[in-house]
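Student: Since the structure of chain A is already known, use the hints to place chain B on it.
Spelled out from the first residue to the last, the chains are:
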Amino acid sequence: GQQVMQIPQYQHVQEGEDFTTYCNSSTTLSNIQWYKQRPGGHPVFLIQLVKSGEVKKQKRLTFQFGEAKKNSSLHITATQTTDVGTYFCAGLGAGNQFYFGTGTSLTVIP
Amino acid sequence: DTGVSQNPRHKITKRGQNVTFRCDPISEHNRLYWYRQTLGQGPEFLTYFQNEAQLEKSRLLSDRFSAERPKGSFSTLEIQRTEQGDSAMYLCASSFSPRGEQFFGPGTRLTVL
Numbered sequence: 667g668q669q670v671m672q673i674p675q676y677q678h679v680q681e682g683e684d685f686t687t688y689c690n691s692s693t694t695l696s697n698i699q700w701y702k703q704r705p706g707g708h709p710v711f712l713i714q715l716v717k718s719g720e721v722k723k724q725k726r727l728t729f730q731f732g733e734a735k736k737n738s739s740l741h742i743t744a745t746q747t748t749d750v751g752t753y754f755c756a757g758l759g760a761g762n763q764f765y766f767g768t769g770t771s772l773t774v775i776p
Numbered sequence: 177d178t179g180v181s182q183n184p185r186h187k188i189t190k191r192g193q194n195v196t197f198r199c200d201p202i203s204e205h206n207r208l209y210w211y212r213q214t215l216g217q218g219p220e221f222l223t224y225f226q227n228e229a230q231l232e233k234s235r236l237l238s239d240r241f242s243a244e245r246p247k248g249s250f251s252t253l254e255i256q257r258t259e260q261g262d263s264a265m266y267l268c269a270s271s272f273s274p275r276g277e278q279f280f281g282p283g284t285r286l287t288v289l
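Line order of the protein sequences matches chains A and B.
Take 667 as the starting number for the first sequence in our numbering and just add one per residue.
Take 177 as the starting number for the second sequence in our numbering and just add one per residue.
Incorrect hints may have been included.
[Stated by the list, open to error] These stretches of chain A come out as covered by chain B in the derived footprint (C-beta under 8 angstroms, 3 or more residues):
id	stretch
1	689-699
2	754-764
[What the hints assert, rightly or not] DSS-like, lysine-lysine: derived pairs with alpha carbons at most 30 angstroms apart:
id	chain 1	residue 1	chain 2	residue 2
3	B	Lys187	A	Lys702
4	A	Lys702	B	Lys233
5	A	Lys736	B	Lys233
6	A	Lys702	A	Lys736
7	A	Lys736	A	Lys723
8	B	Lys233	A	Lys717
9	B	Lys233	B	Lys190
10	A	Lys717	A	Lys702
11	A	Lys736	A	Lys717
12	A	Lys702	A	Lys725
13	B	Lys187	B	Lys233
14	A	Lys736	A	Lys725
In short, the hints are calculated from the structure, not lab data.
In this text, a Cβ means the ideal position worked out from N, Cα and C, and glycines have one as well.
Looking at chain A on its own, in the form it has when it is part of the complex (with noise of 0.2 angstroms):
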């Protein structure tokens, strides 16, 4: 079946430095949301990607989508404690349903 895989599962920064977040897909996306998720909390969205090769920046964020719409990353340049919490990214895929990717929980050390 489908699958979108995240790496790496856990990075630990301190603060000020820069933290990147890798999602890979076993198949070709329509799209790919990036979702961030406090702790006890639920997700919220933070952007769309939806063309081949498409980069967005909100800030600090920086998104990308693949050329092959197969991965995309997150880049956050110079951390801070409110960037904590664990970043999913959501392809859509086969049967127009997201699929979910694993996470990758940051924890700024201040």
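Tutor: Here is chain B on its own, set in the frame of chain A:
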């Protein structure tokens, strides 16, 4: 509109009992999703509705699970003869368009003893 709401927020039940959860989506949203999330994992798709029509169900969804959205507004998810493996957070999400941003509710945490 205060967003997607789910009730109850917590449910503890004994194995073998039936449970029902409710989701109230954002009012103008046509699409409604149900997901299950266990600790350390991403949300796992269960099913979704376009208005009142249930369009897709996960192959992982056993016949003990059933969902309805009778009037295209709120939805219910029922689990019959609960098992300990059903213990999880059950998340509901809604969206305005089929491929658009999903707004998640706070979830219902189910514990099966």
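Student: For each hint, tell me whether it holds in the structure or not.
Tutor: Each hint tested on the structure:
1. 689-699: holds (count 3)
2. 754-764: With 7 residues close enough to chain B, the hint holds.
3. B:Lys187 with A:Lys702: Within the cut-off at roughly 25 angstroms; holds.
4. A:Lys702 with B:Lys233: holds (25 angstroms)
5. A:Lys736 with B:Lys233: holds (23 angstroms)
6. A:Lys702 with A:Lys736: Holds: A:Lys702 and A:Lys736 sit about 20 angstroms apart, inside 30 angstroms.
7. A:Lys736 with A:Lys723: holds (20 angstroms)
8. B:Lys233 with A:Lys717: Roughly 27 angstroms separates the two Cα atoms, so the pair holds.
9. B:Lys233 with B:Lys190: At roughly 26 angstroms apart (the allowed maximum being 30 angstroms), B:Lys190 and B:Lys233 satisfy the hint.
10. A:Lys717 with A:Lys702: holds (21 angstroms)
11. A:Lys736 with A:Lys717: Status holds; Cα separation ~11 angstroms.
12. A:Lys702 with A:Lys725: Between A:Lys702 and A:Lys725 the Cα gap is close to 15 angstroms, so the pair holds against 30 angstroms.
13. B:Lys187 with B:Lys233: At roughly 23 angstroms apart (the allowed maximum being 30 angstroms), B:Lys233 and B:Lys187 satisfy the hint.
14. A:Lys736 with A:Lys725: Holds, at about 25 angstroms.
In summary, the structure agrees with every hint in the numbered list given earlier.
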